[in-house]
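Student: Take a look at the letters that make up each chain.
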Amino acid sequence: MDLAQDDAQRAFRDELRAFLDAALGTEISDDFEGQRAWQRLLYASRWVAPHWPAQYGGRDASIEQFAIYIEELARARAPQFANRVGVQTAGPVLLAHGSHEQRERYLTRIASADDIWCQLYSEPGAGSDLTNLRTAARLEGDTWRVTGQKVWTSYGAQADFGLLLARTEVGVAPHLGISCFVCDLRAPGVDARPLRTMTGESEFAEVFLDDVALPPDALIGERGAGWEIGNTGLASERGVAFPLKEQAALQIMLDELLDRVRRDEVVPTPLQRDRIAQDIVNLHVLRLMNLKTVSQLSAGSELGTWASLIKLTWEQAAQHLGDTLFETTGPADPMDEDGRATAMLRYRMASLVGGTTQIQRNILSERRLGLPREPRRT
Amino acid sequence: MDLAQDDAQRAFRDELRAFLDAALGTEISDDFEGQRAWQRLLYASRWVAPHWPAQYGGRDASIEQFAIYIEELARARAPQFANRVGVQTAGPVLLAHGSHEQRERYLTRIASADDIWCQLYSEPGAGSDLTNLRTAARLEGDTWRVTGQKVWTSYGAQADFGLLLARTEVGVAPHLGISCFVCDLRAPGVDARPLRTMTGESEFAEVFLDDVALPPDALIGERGAGWEIGNTGLASERGVAFPLKEQAALQIMLDELLDRVRRDEVVPTPLQRDRIAQDIVNLHVLRLMNLKTVSQLSAGSELGTWASLIKLTWEQAAQHLGDTLFETTGPADPMDEDGRATAMLRYRMASLVGGTTQIQRNILSERRLGLPREPRRT
Amino acid sequence: MHFGLSDDEEALRESVADFVLSQCPLATTRQLLDGPLGYDPAVWRRAGIEMGLTALTVPERHGGFGAAPVAVGVVLRELGRALGPLPFLSSAVLATTALLALADDEHQSDLLPSLAAGERRATVAIVDGHRPAAAIATSAVIGADAAISGTKVSVLDAEGAEIILVIAESDAGPVLYAVDPTAAGLRVDRENSLDLTRRQFRVTLDQTPGRPLGPANARGLARLVATASTALAIEQVGVAEAALDMAVDYAKLREQFGRPIGSFQAVKHLCADMLLQTEHASVAAFYALWVAGAEPAQLPVAARVAKTTCSDTAVAVTAANIQIHGGIGFTWEHNAHLYYRRAHGTAAMFGSPESHRSALYERLTSAAPQEDAWA
Amino acid sequence: MHFGLSDDEEALRESVADFVLSQCPLATTRQLLDGPLGYDPAVWRRAGIEMGLTALTVPERHGGFGAAPVAVGVVLRELGRALGPLPFLSSAVLATTALLALADDEHQSDLLPSLAAGERRATVAIVDGHRPAAAIATSAVIGADAAISGTKVSVLDAEGAEIILVIAESDAGPVLYAVDPTAAGLRVDRENSLDLTRRQFRVTLDQTPGRPLGPANARGLARLVATASTALAIEQVGVAEAALDMAVDYAKLREQFGRPIGSFQAVKHLCADMLLQTEHASVAAFYALWVAGAEPAQLPVAARVAKTTCSDTAVAVTAANIQIHGGIGFTWEHNAHLYYRRAHGTAAMFGSPESHRSALYERLTSAAPQEDAWA
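Chains as they are written, first to last, in this note's numbering: chain B, 1 to 378; chain C, 1 to 378; chain D, 1 to 375; chain F, 1 to 375.
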């Protein structure tokens with residue numbers, strides 16, 4: 001056990017803090033253009049993707065430094081930047097599997113927010129079971145023609161490009177028939193419609209692809225290897241960046257609640273006090289779980305099924321805190337209700353996104369504990 | 001909705017209360033012989049099995065009256081009587097499926113505690129899955145020869161007879177190959193050994209059957225119908241008598257705790273106060289669920305899957321209260337610890353006996369909600 | 001002894017269910033979400049004329065049907081099941097009970113017949129906008145036409161109501177007043193509430209005239225809040241039943257990994273738990289309704305048990321319904337969130353589960369038998 | 001940065017695990033349940049001589065190894081995993097920490113070397129037998145040889161201990177005393193405790209002479225209780241890990257309905273939850289151990305988080321283990337209940353989960369930064 005920070009980590013943190021102090025001094029609007037402006041500001045100081053190679057605007061940062069980066073941005077309450085899907089999902093895929101031409105063409109423009117990317121994976125019929133993808137890409141001459149429907153696409157309405165999974169092969173095992181593409185979202189046949197969630201917000205889109213034509217060099221890596229390629233960035237985004245960011249975001253929400261208690265603006269009941277204490281415990285544990293993630297990656301291990309433990313830790317902590325926030329301020333404060341209720345409603349989704357609770361428990365029991373798979377259907 | 005009691009019910013209750021007041025005035029020892037003496041006292045006034053026909057010592061009582069009977073005995077803190085398995089399980093089986101000779105030979109002696117009965121159903125390899133029974137009865141001439149091992153047998157050490165399920169047929173569906181017998185526990189080859197549970201008590205026995213010879217008239221009902229026959233009494237015992245008795249027993253435990261709180265002998269923490277309130281709610285709900293059981297039987301309905309709802313209601317209430325009792329008096333009262341801890345330990349079993357939690361949820365989801373069965377093994 | 005609906009009660013249930021299904025289906029309710037009232041006054045009129053819902057709770061001597069609490073519960077359960085946006089709870093249950101429990105006879109005779117006939121609609125303003133929630137901060141200068149000042153929150157269906165019944169503190173203790181919504185100094189503002197299918201309002205009074213109807217004594221208030229708790233409890237039963245039905249239906253249809261998700265134990269057992277909780281809610285609520293009519297001495301405990309059980313059930317079951325639906329259940333267009341919102345909205349009204357449990361604990365551990373102090 | 005055992009720590013773990021497996025397997029421990037001490041003093045001597053366990057926690061200046069808290073935790077975890085009945089917690093951890101935190105230098109120099117060498121064994125008597133648990137009701141007349149009177153409960157391994165360290169209230173405030181078990185007026189009675197594999201005793205003192213070792217000030221007591229909480233937490237990790245392993249192994253073997261029960265989602269998901277809870281317990285306990293050595297300012301929060309997390313985990317996981325085993329898990333002969341009993345026993349020691357959460361809440365919502373008041 002050794003959790004001490006070294007000098008390189010401290011220096012990295014100090015430099016970032018100084019940058020953020022200065023950069024966040026001026027007002028940044030909360031809309032998409034504000035997010036793009038913020039990303040350009042970060043990019044100018046190589047703070048968009050510190051874990052990327054320097055040649056594409058990064059700093060070749062270590063995983064410990066990357067964790068510090070995520071934590072500090074969240075703590076400073078920095079806005080989202082516009083191309084987070086591009087940086088966090090498309091970037092790693094292109095770095096690992098893209099051709100030299102693809103890397104040169106896309107990566108710097110992803111970092112600079114000149115191109116905005118989205119991810120075209122989920123489908124209405126393929127939620128927990130992504131091997132059930134129906135969107136098909138058919139080769140006609142040297143042009144891929146794509147038809148299908150994607151859902152839960154963040155930045156679907158603003159994106160220039162989408163990282164697309166589509167079925168290209170038949171007569172093979174379901175997960176072997178999938179390929180990964182760059183999909184130009186300005187191409188004819190693409191229709192992105194806002195998808196309103198139960199909170200009332202439209203943070204996602206549905207993307208309809210109707211005979212969309214993609215050039216031969218839209219294919220990333222080998223035909224039929226899309227399942228593995230598409231998951232490249234996903235594991236890191238879901239297992240590392242997202243939970244680190246959420247850890248800080250939840251901590252800010254909890255600290256605000258504790259502040260309100262301290263100021264007697266919230267007077268919790270005995271049961272609510274114990275709930276709040278459990279939130280303190282939950283976030284402490286989430287932080288430690290994230291620390292262990294970084295430690296494992298730093299030692300060169302793959303995350304593997306550890307990511308499922310992280311996912312469940314996060315969803316429990318998030319839903320518990322969302323409910324606490326709703327309960328502790330209660331209906332006697334109706335004018336304030338919307339904000340609190342939104343966190344509670346939004347975190348209903350925590351047990352659904354990124355693999356449901358049930359899927360994570362399956363993964364853990366089968367792949368980590370070695371319990372038998374369920375019998376196949378007869 | 002009409003939950004009012006009628007005059008017949010009130011009269012029945014009054015007569016029983018008067019009897020119990022008088023009968024419980026004298027000390028009754030807590031051992032087996034005390035239980036037998038108590039049963040003889042009850043029998044003398046036809047209070048052992050009021051729901052049985054008058055010819056076998058009963059009163060032809062209605063189901064509402066039977067519910068009152070169970071409730072009043074428990075409320076009066078009457079001891080167990082020695083042959084409760086005989087009355088509650090063997091009796092109904094013999095009444096419904098026994099030959100005239102079997103009924104005449106056994107029923108009155110069951111009621112009078114002249115014969116003590118036990119139940120020989122569960123096996124080490126057949127817990128949740130009773131169709132997996134291995135104990136076999138082989139016909140040699142006109143003698144059945146039985147070999148196998150039974151567990152979780154209440155009164156196994158004291159019993160004269162056992163209601164036995166054994167496999168008699170091969171080459172049929174597992175549950176069709178079982179027959180039901182009267183097994184003379186004094187016969188050669190029967191060996192009952194006490195089974196100590198985790199509470200430290202030996203309330204059960206393991207019964208080993210080594211080539212035990214049973215006469216032809218030991219068979220109850222048809223060969224191969226044992227599965228259905230054996231369950232005759234079980235449904236009523238598990239769904240009605242047991243939960244009614246437990247409702248009263250748990251209420252007594254809760255009332256004692258509330259008394260101790262009132263006397264400041266127990267000073268619960270805020271969280272414990274809420275736990276106790278939840279116990280109050282749970283027992284209230286258990287009482288209402290039992291009331292609905294009686295209402296359904298009174299209207300001539302079968303209990304069916306309702307019994308699974310009753311089982312889960314009871315086990316949750318019992319485990320919650322057991323834990324409350326342990327927690328509220330805590331380790332600062334070490335001399336008192338054993339009693340409280342025993343209730344907590346004992347009710348660990350609530351989610352295992354009479355069909356585990358998991359089995360009950362299967363029954364409810366498949367038979368009551370109509371959800372699909374799991375795919376069979378390939 | 002019969003724990004369940006009688007033939008008459010079942011007939012009532014069916015006719016209410018048919019009415020709600022045809023007159024206020026959820027698709028229509030969604031269209032009304034942005035409308036002026038959130039419900040269709042014409043449907044409410046028909047509910048009065050065709051179904052007699054406006055007269056159901058009013059005693060026969062005041063021109064109503066004087067239905068037993070169980071029958072009223074049958075209606076509330078169907079409205080909960082369909083999230084039917086009718087002001088039945090606010091006017092026929094809460095306002096009517098407030099008048100019966102707190103108003104003097106002459107005022108009952110004056111007001112109740114018009115409510116029964118559906119000529120007027122009323123609501124009650126009880127909860128004050130400042131903590132502690134239990135205290136009445138709204139004050140009144142006493143007199144034939146009192147001047148009332150204060151802020152009431154969580155007032156149901158206040159927009160468009162013809163009578164607002166306000167409980168305010170006067171020199172002589174708390175009093176129930178009838179206030180005209182057009183009276184001077186009165187403002188009605190819609191709250192930004194979680195529950196979308198039942199509107200709540202903030203009612204601000206500034207020297208507003210009101211007619212005193214009677215003293216809001218502890219016994220009458222207890223009756224009002226016990227009735228309200230029981231009414232909300234049975235409505236929550238309908239909410240939970242609907243969510244359970246939705247979840248089970250979807251689990252049978254939706255396939256993942258080549259089989260219906262309802263064939264996986266994780267989903268099956270979740271549904272079984274939802275069923276168990278819903279049954280507990282049902283017996284608790286129906287028992288409270290029955291004792292409200294037959295054994296009122298049991299009501300204080302039964303109502304609190306019902307409200308805490310049904311609130312916990314409704315919240316848990318509607319949340320599980322979203323979980324079983326997966327992504328689609330998280331969309332605005334799906335009805336799952338409307339039930340979840342309603343469940344949370346009703347759980348917080350007339351006492352949280354914790355507050356009811358706390359009161360049960362106090363009642364059952366106090367040395368002397370006590371009047372139940374309803375928060 | 002490394003969140004996990006170092007090579008040295010892993011080597012220690014393996015050697016302790018081997019020692020425990022060979023020297024105090026559960027079959028042997030069961031035979032000792034009815035014995036005079038509940039453990040085998042010869043094994044404890046070997047643990048001192050061969051493994052250095054008696055010297056592990058004692059600083060080098062007093063003849064020990066001065067091991068870091070993480071290394072001590074590694075030992076406790078293995079003892080928890082095997083329910084190894086050695087007085088390591090009571091003597092090497094609790095008594096040693098009490099001396100280091102509360103005793104004056106001269107007394108440390110006098111007592112610690114003999115503990116390190118395994119020549120003597122000590123235990124601590126902290127909790128008074130009367131409520132409120134936080135107050136020290138045991139009193140002492142001050143002086144070179146004080147006369148101590150009172151009742152201490154939940155004293156670990158008191159039978160056969162050569163030194164009993166007693167905290168008693170004197171005119172000058174609370175003081176730590178060394179009491180000889182053979183001293184006048186002292187009685188040691190075994191408690192009928194839930195945990196069968198670690199004995200607890202009631203120690204009654206009546207004008208019993210004791211040697212004052214130093215003032216039991218708030219800071220020193222806080223250090224003692226934080227260390228105790230952390231020690232129990234990591235032991236609970238071992239308990240939970242063992243129960244998880246038992247459950248998973250059984251689920252793979254046991255067949256019902258023609259397949260291993262571990263192929264049913266109900267069992268699989270329960271095991272997954274047990275795993276999740278156990279991982280949470282593990283990170284919380286190891287973090288508390290690390291900060292105890294490296295960043296003591298973080299210990300008050302980290303120790304409370306660890307104790308509440310590990311207690312909740314140990315109780316839940318050992319209960320689930322019984323459930324997965326079904327009937328066999330409910331028998332006396334099966335080891336499942338020994339783990340469940342240990343889990344409950346340790347959850348109640350040095351503060352319940354609720355009391356730790358309550359203290360965390362107070363600490364993090366108080367206006368001014370405060371000294372942590374350990375209950």
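No lab work stands behind these hints: they were computed from the structure.
Glycine included, C-beta positions come from ideal geometry on N, C-alpha and C.
Heads up, a few of these hints could be off.
One-sided excerpt, in silico: chain C residues whose CB lies under 7 Å from chain F [as the list claims (entries may be wrong)]:
hint : residue
1    : Leu20
2    : Ala22
3    : Thr269
4    : Asp274
5    : Ala341
6    : Arg348
7    : Gln358
So the derived label-pair ranges between C-beta atoms look like this [what the hints assert, rightly or not]:
hint : chain 1 : residue 1 : chain 2 : residue 2 : range
8    : B       : Asp259    : C       : Glu203    : 36 to 46 Å
9    : D       : Arg259    : B       : Ala4      : 46 to 56 Å
10   : B       : Gly300    : F       : Asp180    : 55 to 65 Å
11   : B       : Gly370    : D       : Leu37     : 33 to 43 Å
Examples of chain C residues toward chain B, derived with CB under 10 Å [unchecked claim]:
hint : residue
12   : Asp255
13   : Val267
14   : Pro270
15   : Arg273
16   : Pro375
Student: State for each hint whether it applies.
Tutor: So, going through the hints one by one against the coordinates:
Residue-level restraint check for leucine 20 of chain C is violated (minimum Cβ-Cβ distance to chain F is 33 Å; threshold 7 Å). Look at alanine 22 of chain C: its Cβ only gets to about 37 Å from chain F, farther than 7 Å, so that hint breaks. Satisfaction of the interface hint for threonine 269 of chain C is found here, the shortest Cβ-Cβ separation to chain F being roughly 6 Å, below the 7 Å cut-off. Here the hint on aspartate 274 of chain C is broken, as its CB sits about 11 Å from the closest CB of chain F, past 7 Å.
Nearest Cβ of chain F to the Cβ of alanine 341 of chain C: about 5 Å, under the 7 Å cut. The hint holds. Hint status for arginine 348 of chain C relative to chain F: holds, with the closest Cβ pair at about 6 Å, below 7 Å. Hint on glutamine 358 of chain C holds. Least Cβ distance to chain F is approximately 4 Å, under the 7 Å limit. Evaluation of the 36 to 46 Å hint for aspartate 259 of chain B and glutamate 203 of chain C yields a failure: the beta carbon distance comes to about 56 Å.
Range check, arginine 259 of chain D to alanine 4 of chain B: Cβ separation about 51 Å, and the 46 to 56 Å hint holds. Checking the proposed 55 to 65 Å range against glycine 300 of chain B and aspartate 180 of chain F shows it holds: the Cβ atoms sit about 56 Å from each other. The beta-carbon spacing between glycine 370 of chain B and leucine 37 of chain D, approximately 60 Å, falls outside the hinted interval of 33 to 43 Å. With a least beta-carbon distance of about 24 Å to chain B, the hint placing aspartate 255 of chain C at the interface is violated under the 10 Å criterion.
The beta carbon of valine 267 of chain C is not positioned within 10 Å of any beta carbon in chain B (closest approach about 14 Å), and the interface hint is therefore violated. The beta carbon of proline 270 of chain C is positioned within 10 Å of a beta carbon in chain B (closest approach about 3 Å), and the interface hint is therefore held. Here the hint on arginine 273 of chain C is kept, as its CB sits about 8 Å from the closest CB of chain B, short of 10 Å. Because the smallest distance between the Cβ of proline 375 of chain C and any Cβ of chain B comes to about 4 Å, under 10 Å, the interface hint for this residue holds.
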